[in-house]
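> So you can see what is in the structure, the chains are spelled out below.
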Amino acid sequence: AQKVTQAQTEISVVEKEDVTLDCVYETRDTTYYLFWYKQPPSGELVFLIRRNSFDEQNEISGRYSWNFQKSTSSFNFTITASQVVDSAVYFCALISSGNTPLVFGKGTRLSVIA
Amino acid sequence: KAGVTQTPRYLIKTRGQQVTLSCSPISGHRSVSWYQQTPGQGLQFLFEYFSETQRNKGNFPGRFSGRQFSNSRSEMNVSTLELGDSALYLCASSLGQRHTYNEQFFGPGTRLTVL
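In order, the protein sequence lines correspond to chains A and B.
Residues in the first sequence are numbered consecutively from 1, following my numbering.
Residues in the second sequence are numbered consecutively from 1, following my numbering.
Be a bit skeptical, because a hint or two may be false.
Said to hold, decoys possible - Here's a subset of chain B near chain A, in silico, CB distances under 8 Å, partners left out: (1) 28; (2) 45; (3) 51; (4) 52; (5) 75; (6) 105; (7) 108.
What the hints contain is simulated information worked out from the structure, not anything from laboratory work.
The C-beta atom is built at its ideal place from N, Cα and C for all residues, glycine as well.
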């Protein structure tokens, strides 16, 4: 069975601080994809990144970076120099081979205070 | 390119009634998935349609049903509404190619309140 755990329910940081959101996943499949989505107060989930199980290269996109480590089944997300606009709920999700749906973690609510 | 659209955005119904929600995917996307989001249960998968066929179904009672039309637009229906059906219903579309598990793009959701 697939499972995604986001242990941090809520995080509060002061603007310009760096923050890391943790994501731990479980799957027995060797082929799988991991995703991060952002849900601002408006409610619409915004796609941030997709990573497949064969690509452990870390990725950086502006102030965002992702650290994928298969050895620890983790796919952590770091925001550098956080801004108030980063305040949202962030979801990590997993889909693996076979006829399985996308499985989401419970989400981490990030509040960035000015 | 226009994003995923969902109608209506807000809906208030009473117990026992039924409701139909609509979703128009991004042009060219053939897969539409539906999710229910509640504070207690988080995001839960309802079903996925691809080329008018249900490809996957979550663990929800038969009161929840859906369909997809030839233009990829999708509807979901909830019959005999219960208070616990109050939630944000999100629709997501993707290219739907299984071997690459394309990312899903979400609509703004329909917030359903059951009184």
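> Does each hint hold? Answer for all of them.
Now the hints, each set against the structure:
no.	hint	result
1	28	16 Å, violated
2	45	4 Å, holds
3	51	15 Å, violated
4	52	17 Å, violated
5	75	19 Å, violated
6	105	6 Å, holds
7	108	5 Å, holds
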